[in-house]
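Note that the protein sequences, when read in sequence, are chains A and B. The first sequence begins at 0 in numbering that gives the first Met the number 0 and counts up one residue at a time. The second sequence begins at 0 in numbering that gives the first Met the number 0 and counts up one residue at a time.
The set of hints was computed from the structure by calculation and includes no laboratory data. Positions of the beta carbon are idealized from the N, C-alpha and C atoms, including for glycine. None of the hints are false.
Derived contacts from chain A toward chain B, CB cut-off under 7 angstroms, selection only:
(1) Asn-62
(2) Ala-83
(3) Leu-159
Given next are the chains, with one letter for each unit.
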Amino acid sequence: MMKAKEIIARRTAVELKDGDVVNLGIGLPTMVADYLPRGVDVMLESENGFVGLESVGENQDSNLVNAGGQPCGIILGGAMFDSAMSFALIRGGHVDVTVLGGLQTDQKGNLANWMVPGKMVPGMGGAMDLVIGAKKVIVAMEHCARDGSAKILKECKLPLTGKGVVDLIVTELGVFRVTKKGLLLTEIAPGVNVETVKGKTEADLIISDNLIAMKNVS
Amino acid sequence: MKNKQSNIQQVSEYFKDGMTVMVGGFLAVGTPERLVNAIIDKGIKDITLIANDTALPDKGVGQLIVNRQVKKVVASHIGTNHETGKQMIAKELDVELVPQGTLAERIRCGGSGLGGVLTPTGVGTIVEENKKKIYVDGKVYLLEKPLRADVALIKAKKADKAGNIIYDKAARNFNPIMAMAADIVIVEVDELVEVGEIAPDEVMTTGVLVDKIICGEGC
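Start from the sequences, fold in the hints, and give me the full structure.
In structure tokens:
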């Protein structure tokens, strides 16, 4: 059986269109690049200052790292710039899609992914700019926390990264679209039933009349 | 043209207790390590540090935190240096977390004679606390104020003796904007060349912004 993270990365990859400029967050979102459909060529933006991010080649360069500080490569046709330019691209609507992880998200499209008061305060880095600036914001995360508690809530309890910014949530159980009416379940993972999804989700769910099996995961 | 080449002893004269310093780098990539080491060697205290992040405990500006030379940090991310969070929770270190794009713009404003920037980033989050909200054409923005420093420490791949700079790949990050936003700008280079060896079109930061150049480990 496919691991949760692979299901999430595979399904999220379907959202990327040929020619998109895309920023992938650290961790699970980075995996999305491995599952791009054939014929889909995207330009990856790295918020530390370039477009054209790719995996590290044979020649590792200490001055060429991704936004997590890990060695990476840059494609021919890529470009380097400073941090002000990088975030001008991000806030200015020049990034088509951003994929981020989440600690909590909710039916209003809020996202919390940068701190747990009293426990973990790493800082927001570039996440607040990405959620406000990218044309499409996808939260790609495991459906529940490690202790089994729900992460898709009626309303986020943790400090927000952005208010009303999320367009789509992809988990190993399904695909959820944030709409004006609420959170719409549009796709469901193979072998999972709607009651299971409801049981693991605190948010009110609207079940799509056209509910289909999750794309690109079987 | 004035030769700005200096040495570590001379530039250390600019490092004083209580100074505000901007240091280039993203997780220590593009950080002038020799200059950071000079601050450590001189035992400077009560620093206000403006940097993208606090790097790692044994790298870049992370060492200044570990050595408890810093009283306040303005940064977007502190998660890779556990010492920063530890001192913050113990209330021994004042940490102002700023969204990365906002940090870049505040520095750019400080170096560009602007009174601030209006950004939608952080609206509806705790970042908006105590900040003026301004509506422009019906859309809400936060007024974010400029940042400046006494000294900026910059890392470059190459400079000529007049201070014209070329950066290397992702080591550019905050360096060009910090070079605009401090009273004294010191550049550490891997390669120092004669004036004329860098063509005007190649220059990424003009030498008019640079006060002193020192050679890094590479040259």
